[in-house]
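Those protein sequence lines, which keep their order, are chains A and B. According to our numbering, the first sequence is numbered sequentially starting from 9. According to our numbering, the second sequence is numbered sequentially starting from 9.
Keep in mind the hints are simulated off the structure, nothing from the lab. Note that the structure is predicted; figures quoted are calculated from it, not measured. The reader is advised that the hints may include incorrect statements.
Any copy, or any two copies together, can satisfy a pair, since identical chains are not distinguished.
What the hints assert, rightly or not - No farther apart than 30 Å at their CA atoms in a straight line, the calculated lysine-lysine pairs in the DSS-like style are these: (1) Lys310 - Lys340; (2) Lys145 - Lys311; (3) Lys256 - Lys340; (4) Lys248 - Lys322; (5) Lys263 - Lys126; (6) Lys112 - Lys365.
Number of protein chains: 2
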Amino acid sequence: MTTKPLGMVETKYFEFGRHPHEIALECGKKLGPLTLAYETYGALNDDRSNAILVLHALSGDSHAAGFHPGDKSPGWWDSMIGPGKALDTDKYFVICSNVIGGCKGSTGPSSLCPSTGKPFALAFPMITIGDMVKAQKYLIDSLGIQRLLCVIGGSMGGMQVLEWVRAYPEHIRSAIPIATALKHSPQQIAFNEVGRQAVMADPSWDNGNYYGKGSPERGLAVARMIGHITYMSDKSMEQKFSRRLIEKNYSFSFKSDFEVEGYLRYRGDSFVKRFDANAYLYITKAMDYFDLSGGRFIPQGKKIEVRFLVIAFKSDWLYPAYQSQEIIRFLKIHGLDATYCEIQSTYGHDAFLLEIKEETHLIKHFLDKTFHGYDVAREYVI
Amino acid sequence: MTTKPLGMVETKYFEFGRHPHEIALECGKKLGPLTLAYETYGALNDDRSNAILVLHALSGDSHAAGFHPGDKSPGWWDSMIGPGKALDTDKYFVICSNVIGGCKGSTGPSSLCPSTGKPFALAFPMITIGDMVKAQKYLIDSLGIQRLLCVIGGSMGGMQVLEWVRAYPEHIRSAIPIATALKHSPQQIAFNEVGRQAVMADPSWDNGNYYGKGSPERGLAVARMIGHITYMSDKSMEQKFSRRLIEKNYSFSFKSDFEVEGYLRYRGDSFVKRFDANAYLYITKAMDYFDLSGGRFIPQGKKIEVRFLVIAFKSDWLYPAYQSQEIIRFLKIHGLDATYCEIQSTYGHDAFLLEIKEETHLIKHFLDKTFHGYDVAREYVI
Numbered sequence: 009m010t011t012k013p014l015g016m017v018e019t020k021y022f023e024f025g026r027h028p029h030e031i032a033l034e035c036g037k038k039l040g041p042l043t044l045a046y047e048t049y050g051a052l053n054d055d056r057s058n059a060i061l062v063l064h065a066l067s068g069d070s071h072a073a074g075f076h077p078g079d080k081s082p083g084w085w086d087s088m089i090g091p092g093k094a095l096d097t098d099k100y101f102v103i104c105s106n107v108i109g110g111c112k113g114s115t116g117p118s119s120l121c122p123s124t125g126k127p128f129a130l131a132f133p134m135i136t137i138g139d140m141v142k143a144q145k146y147l148i149d150s151l152g153i154q155r156l157l158c159v160i161g162g163s164m165g166g167m168q169v170l171e172w173v174r175a176y177p178e179h180i181r182s183a184i185p186i187a188t189a190l191k192h193s194p195q196q197i198a199f200n201e202v203g204r205q206a207v208m209a210d211p212s213w214d215n216g217n218y219y220g221k222g223s224p225e226r227g228l229a230v231a232r233m234i235g236h237i238t239y240m241s242d243k244s245m246e247q248k249f250s251r252r253l254i255e256k257n258y259s260f261s262f263k264s265d266f267e268v269e270g271y272l273r274y275r276g277d278s279f280v281k282r283f284d285a286n287a288y289l290y291i292t293k294a295m296d297y298f299d300l301s302g303g304r305f306i307p308q309g310k311k312i313e314v315r316f317l318v319i320a321f322k323s324d325w326l327y328p329a330y331q332s333q334e335i336i337r338f339l340k341i342h343g344l345d346a347t348y349c350e351i352q353s354t355y356g357h358d359a360f361l362l363e364i365k366e367e368t369h370l371i372k373h374f375l376d377k378t379f380h381g382y383d384v385a386r387e388y389v390i
Numbered sequence: 009m010t011t012k013p014l015g016m017v018e019t020k021y022f023e024f025g026r027h028p029h030e031i032a033l034e035c036g037k038k039l040g041p042l043t044l045a046y047e048t049y050g051a052l053n054d055d056r057s058n059a060i061l062v063l064h065a066l067s068g069d070s071h072a073a074g075f076h077p078g079d080k081s082p083g084w085w086d087s088m089i090g091p092g093k094a095l096d097t098d099k100y101f102v103i104c105s106n107v108i109g110g111c112k113g114s115t116g117p118s119s120l121c122p123s124t125g126k127p128f129a130l131a132f133p134m135i136t137i138g139d140m141v142k143a144q145k146y147l148i149d150s151l152g153i154q155r156l157l158c159v160i161g162g163s164m165g166g167m168q169v170l171e172w173v174r175a176y177p178e179h180i181r182s183a184i185p186i187a188t189a190l191k192h193s194p195q196q197i198a199f200n201e202v203g204r205q206a207v208m209a210d211p212s213w214d215n216g217n218y219y220g221k222g223s224p225e226r227g228l229a230v231a232r233m234i235g236h237i238t239y240m241s242d243k244s245m246e247q248k249f250s251r252r253l254i255e256k257n258y259s260f261s262f263k264s265d266f267e268v269e270g271y272l273r274y275r276g277d278s279f280v281k282r283f284d285a286n287a288y289l290y291i292t293k294a295m296d297y298f299d300l301s302g303g304r305f306i307p308q309g310k311k312i313e314v315r316f317l318v319i320a321f322k323s324d325w326l327y328p329a330y331q332s333q334e335i336i337r338f339l340k341i342h343g344l345d346a347t348y349c350e351i352q353s354t355y356g357h358d359a360f361l362l363e364i365k366e367e368t369h370l371i372k373h374f375l376d377k378t379f380h381g382y383d384v385a386r387e388y389v390i
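So that you can see chain A by itself, here it is in the shape it has in the complex (with noise of 0.2 Å):
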């Protein structure tokens, strides 16, 4: 099949729990008016039945696809939303949405407190997946939409999808968690620790309250840096870097010398032009405090009706397979329609991002069943 360019979108507000009505977050504190930013694609069909949830990871946003007016790349997910393409924007209405507690749009650390006017820094309550899940739930209501065709997401977008199904079972028809997990492990939860801690060290942070200062560039580029390490594979690193130089010699010094090293400076120091420093700890925190698992992600005896599509990645050792196994154990104790595939990708973590073809696959045709109740692309085929 063919696919088509999105071609120009743009980001919507959403402005909702104004006082006397705060989201009450998990920490037991109250937050609002909040702002959530997302995007659409395609559009809502009359029974509103084929709206599908796009739920993006840690530095992600709600530009998933398509072009910003003077952009030159689309959004995070463009290959594979669009017409033709794996979210099909002829078929489907596609959503995807920012998280609260970040900097893409959506009220966090570096919005304006509304008692003080000035940016809350670390006054931001602390947030949770299951805040961030809350916040969605009442855009998607704002939408008119009862019951979502399909939740999807990756890494942090795959917990934000888990969550929706802990607590929201009712309003969604199917899910699709990928390269994820039911709780944050030690190991995880230690990258993201040294990560806060780097971002903390730097001087230039001052407790949070940096804005309209210098921000904390080195401590985050650090950050960024050691993530974009847990992002790859050691195959894939090989196979990107080797051991090439960036000069022809040995500089003796502590220049870049590998083009690893050149690399992962250039991410590093281009993180920190897009990214808010105090919206990466609340977020990497929010990241560590997930835990659905002993129970609390689908209760003995609840029934539920959600299709599940699972999918890992072999190479990725950030979000090991291992972790979605334990997904799909769950599910088929629990009786639930759930597929589970392990795709033999070498790209590491980011796989989900890039292998977009077996991804499309998969998930054309998981939705097109969950849609029409058969595999129209399979019919196509006989």
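Since the structure of chain A is already known, use the hints to place chain B on it.
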């Protein structure tokens, strides 16, 4: 066999390389005079054929076994060195040599530069694993040892073992590289580079000129925290910490919530008290430059008479078993007497310091056979 404690030991200092006999370094510069810290355990036999050289890892030192006055814990490989132990000091003369470039008594960036009377700091020349071994050869010569019974070490110690084989094959009878690699991979370089960036991002680092002022403690602590994650395995972290909390409930703050966070912060903070930040930069760089691939290890056609025992650990993802397999494959292709053993450990890279029972079993027999020409321990059994 029963083992006995080694008791009190002392560090010795070997001085060499005085003008005009400075050491020529790989970077092209010369360095001298130099000091090399080392310890010895047991006694050299009459024909000087029972000497074993132990080589340490990144943050190690010459104090491998026994106690210094006032110490509560013994040297870093005490469980392996002593009467009746794997490196049996009733039979063997065990030498542990520190590396140049470090901060544990040997000449390094924190040493005083003879011409200025101030610490070298970044005026210290870049050193390599080859330079470290070259310096050790002076030490072994000074002890009157023509041929070492064995060179043994894990991690960076293993790199020195391989470099000893490359540079001085006629001066060693056997080699035991543990949890190491023929070359540093881009992932290994990447982790080191992020650690260096964390140090250099700390304003206290001050381009290396922090001596007598405050050292870059926060940056070095972050570097060490990254290191500790890579030394453990996902599984060993799960077994040691799981998601256990320090307090009863989530703090909903940026304090340490999880035991794993407290552990990492503790390990980071204690490291900065015992290690020099510039030394960390120099030694990690030496590791990154290490590359004996592509025929540099043992040139085609060169006959060497060295026996090998190559040891790797199943859960070690920092120096994965495939890297040890590359070493053994190379040795076998060259027709050398080489044994490979992959120990089923969950400890990750740390296993070389922890899997004492397995290592003792393997190494004791291997040394016996090297020393006597047959396996004494096995004879006893028969």
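Comparing the hints with the structure gives:
1. In this assembly of identical chains, the alpha carbons of lysine 310 and lysine 340 lie at most 30 Å apart only when taken from the same copy (14 Å versus 59 Å across copies).
2. In the homo-oligomer, the alpha carbons of lysine 145 and lysine 311 lie at most 30 Å apart inside one protomer (21 Å), although the nearest pairing across protomers, at 72 Å, exceeds that limit.
3. Taking identical chains as interchangeable, the C-alpha atoms of lysine 256 and lysine 340 are never at most 30 Å apart, the minima being 55 Å within one chain and 32 Å between chains.
4. For a Cα distance limit of 30 Å, the shortest separation of lysine 248 from lysine 322 qualifies both inside one copy, at 18 Å, and across copies, at 25 Å.
5. For the homomeric pair lysine 263 and lysine 126, the shortest alpha-carbon distance between copies (24 Å) is at most 30 Å, but the shortest distance inside one copy (40 Å) is not.
6. Taking CA atoms no more than 30 Å apart as the test, lysine 112 paired with lysine 365 passes inside one copy only; the shortest distance there is 28 Å, against 54 Å between copies.
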